[in-house]
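**Student:** Given next are the chains, with one letter for each unit.
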Amino acid sequence: MVSLARTIRHIRRAGLREWWRQMQYIGDAKWGTYVGKDQFGNRYFENRNAEEEIPGRHRWVDLAQHEYNASQVPPEWHSWISHIRKDPPNQDSVMQHLLLPGRRHSKLTYLPQPYVENLTGTRGAYKPYNTVVPKYKEWEPKVTLRA
Amino acid sequence: MFSRTRLVLGLQPHLALNTRNNLARNTLVAHRLISHSSCSRAEHDPHQRRVETLTSAIGERGGHHAHTSHPVDAQGNEMNPYRNGPSALDKAVHLFFFTEIIRGMWIVLENFFRPPTPSCIHLKRVLYLPAFVGSTPYVAIQVVKSVASLCEAICPAQAITIESEARLDGSRKTTKYDIDMTKCIYCGFCQEACPVDAIVETQNQEFSVENREELLYNKEKLLANGDRAEAEIAANLHSDHVYR
Ligand code: SF4
Numbered sequence: 001m002v003s004l005a006r007t008i009r010h011i012r013r014a015g016l017r018e019w020w021r022q023m024q025y026i027g028d029a030k031w032g033t034y035v036g037k038d039q040f041g042n043r044y045f046e047n048r049n050a051e052e053e054i055p056g057r058h059r060w061v062d063l064a065q066h067e068y069n070a071s072q073v074p075p076e077w078h079s080w081i082s083h084i085r086k087d088p089p090n091q092d093s094v095m096q097h098l099l100l101p102g103r104r105h106s107k108l109t110y111l112p113q114p115y116v117e118n119l120t121g122t123r124g125a126y127k128p129y130n131t132v133v134p135k136y137k138e139w140e141p142k143v144t145l146r147a
Numbered sequence: 148m149f150s151r152t153r154l155v156l157g158l159q160p161h162l163a164l165n166t167r168n169n170l171a172r173n174t175l176v177a178h179r180l181i182s183h184s185s186c187s188r189a190e191h192d193p194h195q196r197r198v199e200t201l202t203s204a205i206g207e208r209g210g211h212h213a214h215t216s217h218p219v220d221a222q223g224n225e226m227n228p229y230r231n232g233p234s235a236l237d238k239a240v241h242l243f244f245f246t247e248i249i250r251g252m253w254i255v256l257e258n259f260f261r262p263p264t265p266s267c268i269h270l271k272r273v274l275y276l277p278a279f280v281g282s283t284p285y286v287a288i289q290v291v292k293s294v295a296s297l298c299e300a301i302c303p304a305q306a307i308t309i310e311s312e313a314r315l316d317g318s319r320k321t322t323k324y325d326i327d328m329t330k331c332i333y334c335g336f337c338q339e340a341c342p343v344d345a346i347v348e349t350q351n352q353e354f355s356v357e358n359r360e361e362l363l364y365n366k367e368k369l370l371a372n373g374d375r376a377e378a379e380i381a382a383n384l385h386s387d388h389v390y391r
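Residue numbers (our numbering), protein chains in the order written: chain F, 1 to 147; chain B, 148 to 391.
So here's chain B without its partners, still in its complex pose (with noise of 0.2 Å):
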C-alpha cells in the first residue's frame, strides 16, 4: 500500500502537463533529432568559439583509469555522473506508456499522408566528397590527346574501345573513344590511370534513359559532358590538388 502510494505521488508531475513545461516536453514530445547527438549540437552551436585545429582525445582514452575518474565538485566530493540525464522514474514513463512505440506510430501515420517517395527521392541528395570515384555517375573526357589507351587496358569492365590513327607529322590521334556506361561500373580506375587527366568522372547522373543506346557514349558525348560540368570538375581538382 506504502508503495503504491509512493509511485503514484511520484507520477502526478509528470502526469500533469501544464505544471511542468520542461517535463511534459520530455516525456511526450521527445526528440526525435538525430541532430540532438552532442557532436552536431557542438558543430552548429553559434556561440561556441570555432577553432580550426584538429585534437583528438587519445591520450585520455588510452589508460584505465579515465573510466574510473568520476566529476568532483568544489569542496572534492565525488559527483553523481548521471545528474543531467534522465532520472529513472523519466524512464519508467516512457517505458510504461509505449512513448516510443506511439512516436514511431505518429512517423507511420504522417507518412500515410505524405506523397509517395518515388517523386521526391531526388530532392534527398546523397553525400559526395570531392575525391570520391567509387560510384561518381558519368565519366567525361576532357582532353584526348594522348592516346596511351591506358584507360582501356586497365578498365577492368571492359567498358572503353579507342581507335587512333597517326596524323601528319607522325604523332597520333583519338578517333574513337567509346564508353559503355552499362558496363562501365563506375571503379575510376580510368581516371587513376590516366597521366594528363584526360579523363575525369564527374558527379551526375544521367542515368534515367529512355533507350539502351543513350548510355552508349561515343567522344563527342562524353567531351560534351565534361564541358559541361567543367566548374564542377575543376573545383573538385582544386579541393584535391593539396593530397595529388
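In isolation and in its complexed conformation, chain F is listed as follows (with noise of 0.2 Å):
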C-alpha cells in the first residue's frame, strides 16, 4: 500500500516523468522490473519484493493508449498478468514454440488472426448474423388486382 516513505522511494527510482504518467494512469507510485513489451506498446512490470508490494500487485501492465481497457491486453501477455504463466512470453518455452512463424497453427486449417482489443461502440464491434438459411421468410404482401 502507499506509505509516504513507499512514494518517495518509488519516485527516486522510477523518476519524475514515469511517476506522473503513474499518478495519471495507475493512480499509485510504483517501481519494478521492466519485463517487456508487447505489440501494441504496453509495458509489462514486476516487483516481486514482497516488501514494496503487495502481493497480486506484484505484476502490473503500463497501457500505451490513453483510452486504456484491459482488452488491449493480448492473450499471451494476459496469461502472464494474471499468474496463469509464470515466465512471460518471452521467456516463457512453450509460448516462445507456440508463436514460432512455422510452427504454430501448423494442425489447424485456420490462419492465425491478429490480435484487436473490443471493439465495442466502434464501427468494427460484432455483428451476429445467421450462418444458415432462415427456415422462414419474412411476410411479404402482395398486391393482387381487384377484379
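A portion of the hints provided could be inaccurate.
Said to hold, decoys possible - With a straight-line cut-off of 30 Å between C-alpha atoms, the simulated DSSO-like cross-links for lysine-lysine are:
(1) K135(F) / K323(B)
(2) K366(B) / K320(B)
(3) K127(F) / K323(B)
(4) K366(B) / K135(F)
To be verified - Cβ-to-Cβ under 8 Å is the rule here; a few derived chain B residues that face chain F:
(5) E361
(6) L363
(7) A378
(8) N383
Just so you know, the hints here were simulated from the structure itself, not pulled from any lab data. Note that CB positions come from ideal geometry on N, CA and C, so glycine has one too.
Fit the two chains together into the complex; they arrive one by one in their own frames, and the hints show the way.
**Tutor:** So, in C-alpha cells, the structure goes:
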C-alpha cells in the first residue's frame, strides 16, 4: 500500500516523468523491473519484493493508449499478468514454441489472426448474423389485382 | 505512585523516537503489508535455497506432544517461546495510542486523493488457473468437425444452438453453432463434454459491449475468438496435459 516513504522511494527510482504518468493512469507510485513490451507498446512490469508491493499487485501493465481498457492486453501477456504462466511470453519456452511462425497452427486449418481489442461502440464491433438459411421468411405482402 | 513512575519510565523509550529507530518503526509505521506473513517471506527470500519438493508437517501436527514442546537452549533450559515477538509493552502502546485506528484512517485519507476505483479496477486482475473453467469468460471453438452435439445436450443453461447438414460423403458438418453469452453461466460443461476439444473456454474478457446482440456469438465469431487466443489456450492445455 501507499506510504510516504514508499512513494518517495519509488519516485526516486522511477523518475518524476514516469511517476507523473503512473499517477495519471495507475494512481499509485509503482516501481519494478521492466519485463517486456507487447505488439501494441504496452509495457509490463514486475516487482516481486514483498516489502514493496503487496502480492497480487506485483505484476502490472502500463497501457499505451490513453483510452485504455483491459482487453488491450493480448492473450499471451494476459496469461502472464494473470499468473497463469510463470514466465513472460518472451522467456516462456512453451509460448515461444507456439508463437514460432512455422510451428504455429501447423495442424489447424485456420490462419492465425492478429489480436484486436474489444471494438464495441466502434464500427468494428461484432454484429451477429445467421450462418444458415433462415427457416421462415418474412411476410411479403402481395397485392392482388381487383377484378 | 510507584506504579505510575514505572509506567512513565517504561514508556519513555517508545516515545523518544530518535533513540531507537527500530522501535519507532514498530510503534508508528507499523507493518501493514499482508506480505509480512512468514510464508510469503520464505517464498521471496533470495538467500534461501529453493528446494522443489512438497513436504507437509502433518506428522508433527498429529500428536499433542507437538504443542507442549518448548524450544530449549544449549544448557537445556526452557526458553520463552514469545521472546522474539512484540513485548507486552509494545502491545499496550498500540492499544493506548489507537495506532491501528489511526492507520485505518490514514488509508481512508489516502484513498481520498486517489482516482475512483472503477477507473483502475481493470489493472488489478484476478488470479486464474489454467484448469479453472468456473468463471472463465468466453468460449471459443477451435475446430468444429464432429457434430455430436454433446455440448448442446449438456449445457445447463441451454445457451448452445447447433444445426448441421450432411456432406456429400455422408459425414456431417456444422452449419450453425451459436452460443448466447447472456445465457451462458461459464460452467465449463461443454468443454468437459467434448471428446475432441473442439470447444474450449478462454480466459479473455470481452463482456463490456454496447449492444446486447454483440453477445450472441455465432460460429464465425467463436472461431475468431479461438484463433486470437490460440497461444494462451495451447499453453493452458500444455500445462494441464499431465492430468488429462
Ligand atoms: S459453459 Fe456451460 S452454460 Fe456456457 S455454453 Fe458451455 S455448457 Fe453452456
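**Student:** Now, for every hint given, state plainly whether the structure supports it.
**Tutor:** Hint check results:
1. K135(F) / K323(B): Cα-Cα ~12 Å, so holds.
2. K366(B) / K320(B): Status holds; Cα separation ~12 Å.
3. K127(F) / K323(B): holds (16 Å)
4. K366(B) / K135(F): holds (18 Å)
5. E361: Cβ of E361(B) sits 5 Å from chain F, so the hint holds.
6. L363: With Cβ-Cβ at 4 Å, under 8 Å, it holds.
7. A378: OK, holds: A378(B) within 8 Å of chain F, min 5 Å.
8. N383: Because about 7 Å separates N383(B) from the closest Cβ in chain F, which is inside the 8 Å limit, the hint holds.
Checked against the numbered hints above, the structure violates none of them.
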